[in-house]
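> One-letter residues, chain by chain:
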Amino acid sequence: MEDKLIRLTVNGRDEAVVIRPLATLQDVLRDTLELTAVKSGCGQGGCGSCSVLVDGELRLSCLTLAERAEGAEVTTLEGLNETNAIVPLQQAFVENYAAQCGYCTAGMVVAAKALLDRNPAPSRDEIVEGLSGNLCRCTGFAPIVRAVQQAAQALSDTGEEAS
Amino acid sequence: MPELLRPGSIDEAADLIARHGAAASVLAGGTSLMRETYPSDGGYLIGVDRLGLDKVVSHDGGWSVGAAVPLSVLREAVPIAALQAATREIGGPAVQNMATVGGNLFARAPFGDLAPALLALGARLVFATAGGETTQSIEDFYAGWADGAPPRAGLLTRIEIDAPTGASAYMKCARRRYSTPSVVTVAACVEKDGGTVSGARIALSGASAHPFRCAGAERAVIGSGLDEAAVTAAAAAAESAVEPQTDSVASEWYRRRMTGVFVRRVLAALA
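Protein sequence lines correspond, in order, to chains X and S.
Take the first sequence: its letter number 127 is residue 127 in my numbering, and every next letter is one higher.
Take the second sequence: its letter number 19 is residue 1019 in my numbering, and every next letter is one higher.
Keep in mind that the hints were calculated from the coordinates and are not lab data.
Just to be clear, a hint being listed does not mean it is correct.
[Stated by the list, open to error] Residues from chain S shown here face chain X by an in silico Cβ test under 10 Å; the list is partial: (1) SER1032; (2) MET1034; (3) THR1037; (4) TYR1178.
Heads up, the beta-carbon is just placed ideally off N, CA and C, and yes, glycines get one too.
Just chain S, same shape as in the assembly (with noise of 0.2 Å):
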């Protein structure tokens, strides 16, 4: 059986997370790790409840969100529509209520749908390590992941998100209304000039093993007015950016189909 243990401070939390190594899980919400913890596991079980990372903090620039904020929490506190509609389409309302803005991140595929939200809106990641804070961009810290798995880059202890300087959008497709695994997610978040777009970051979960930045699409609608031609280039590319897998929830010939469906809708809805 695992042990918990429920560290007082961030560095002994680092510190235990260094010590053990792979042995060591992190718990925050516990609405995925609970459900995969069994009695027959060794290893440990780090808390994160008790290290005052519940907290959002409101600055000029933007907030600087505490890793183990619950989603229903962070939806209250963050006036940006995609991560409002993000936070609404993970689980129901107690699973809300219960798992984390940091949790969610670690989530494995099909799962993990705030990611691209935060990809969407440029986030930045920091980490408390033995060795002191690291930060590092969302999007490094996905291209880091190895077969479906995130790296061990120490304990994620709050997310920065900048004020967006443009308009986002977030859309879930998934087989029913609530509570469900993606088919696919996508998220934008597009800065114009004039009639033209000067910026864009379009990101996608759920049909690759991990949630990632769409450089294709975002090449093909930068420099555009999101016409027609500009979205269906944006949509191929992301078709052909993604990597889906077939499970119970979708084949991988629908997720991509779904893909290049998607990112138009997310688009026309910014244009």
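Just chain X, with the same shape it has in the complex (with noise of 0.2 Å):
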């Protein structure tokens, strides 16, 4: 088994990187390409500490292998926002205290990221729902769904979009 040389976008730039047989696609973000929002919480795809966005949609980069993200359009939280700006998500994150470890926080609004970009206007259930693979061992998760709560709504006044 030899290393290859796999093309992928990442955060909006081309990317080609040489991966070892059976590196992740975590394993190419935080060590490779040194996007470290990507946490490496438990590695068995139950604690969403490494959400990233794949062609838009919420994976789990630790359960990914980097060969299959391959051609694959990939957004870390550093690529929420390409002049590096806080987003109106992440700043409803810091108005309502809803980081305290912030171990979880890059995930988790990775994941409210997504939940949003399809409900732009959640209830709150579908904030619970759309969060409920992703853990949070600080904050017992009410000062994170007000946050995504207040970002949703701050969305609807100025019709923008999640970040």
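Grab the two chains, each in its own frame, and use the hints to assemble them into the complex.
Quick look at the structure:
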């Protein structure tokens, strides 16, 4: 088994990366491209801290083989705004104290973006379901749900996209 | 380290599975297999992402669902209550975008919560083998499981689902609301003639080594009006049919008790 060269688009940039056999998308994003907002939590698909968008869909980078992401468009937290400014969704997390230790936060924001892209005006139950694959062991989730509610409200007021 | 092979055709994939036998594992969405694969393992991972198995075809009598269709796509494409409920009860949104219909049918207990819905709907499974295509009922597929593991039947390529002739319902008993293994999961599809049940399929997962149809519970309700006595008899039949394990999710005792409770609730929803 040999290393392979794959091409993919990450946060709008075309990348060509050499991957080891069975490398995960998480390995490529964190270790090769140094996009460390992608957290390495459980490695089992249980915590959601490695959440990214692949072709606009929420995925777990720890369970995705890099080879199978060839040609895909991948978005991490770093790619939510190309000028690196804070987006309304992140601002809502700040204002609602939705981050404590912060380890889950990047995955939460990405999962919330996937939800709001699909459903710009979610009910509280829909927010809870949309974030159900992301674990937070600090906040008790309530401030996170409030942040997403506020972001959805702000987006409907301004007519902007989530990021 | 296992070697990843990504065949470009179904025939090639079926040949690889036949050639490598027990050393081959089929890799679909990866949500179960990736976490069980270690660098120290040998063997082969046969990727099915280049086989065109990711489509749902709707036809006059029902749906033909590719084995590599993600659960979130199934939910949008096939409007059957029990099936749509099942897809929301497996993992969170990211897992539902990755995990496939076919892959979930091979999940080990207490995972594999799509199966009871497909058992209740009388689905058929189509396999590609080195000798050609074979079709078997999903019941026969699970009857072939031994020691909680599936038989080597070739490559599952699609799942045939007929449009249901009755109403269906699905409920999962779990320790929290989302993204959690099953204590027990119950699905049923009931046909009625007037107020009388003329046909019923009642299926369970989570509380036995593999998903199964509960013939005793079905007999208890066929010919009844889903009245209290019939539902009580069905719940009792299901409680005695399950063979629950004790694990970190639930004890044998609790799984058995919840089997009766959830058979009752599912049948009440269809009464």
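> Hints first: check each against the structure and report whether it holds.
Hint by hint, here is what the structure shows:
At a threshold of 10 Å, the smallest CB-CB gap from SER1032 of chain S to chain X is about 8 Å, leaving the interface hint in force. Restraint check, MET1034 of chain S versus chain X: the minimum CB separation of about 4 Å is within 10 Å; hint holds. This hint holds: THR1037 of chain S has a C-beta 7 Å from the nearest C-beta of chain X, less than the 10 Å allowed. For TYR1178 of chain S, the interface hint holds, the least distance from its beta-carbon to any beta-carbon of chain X being 3 Å, beneath 10 Å.
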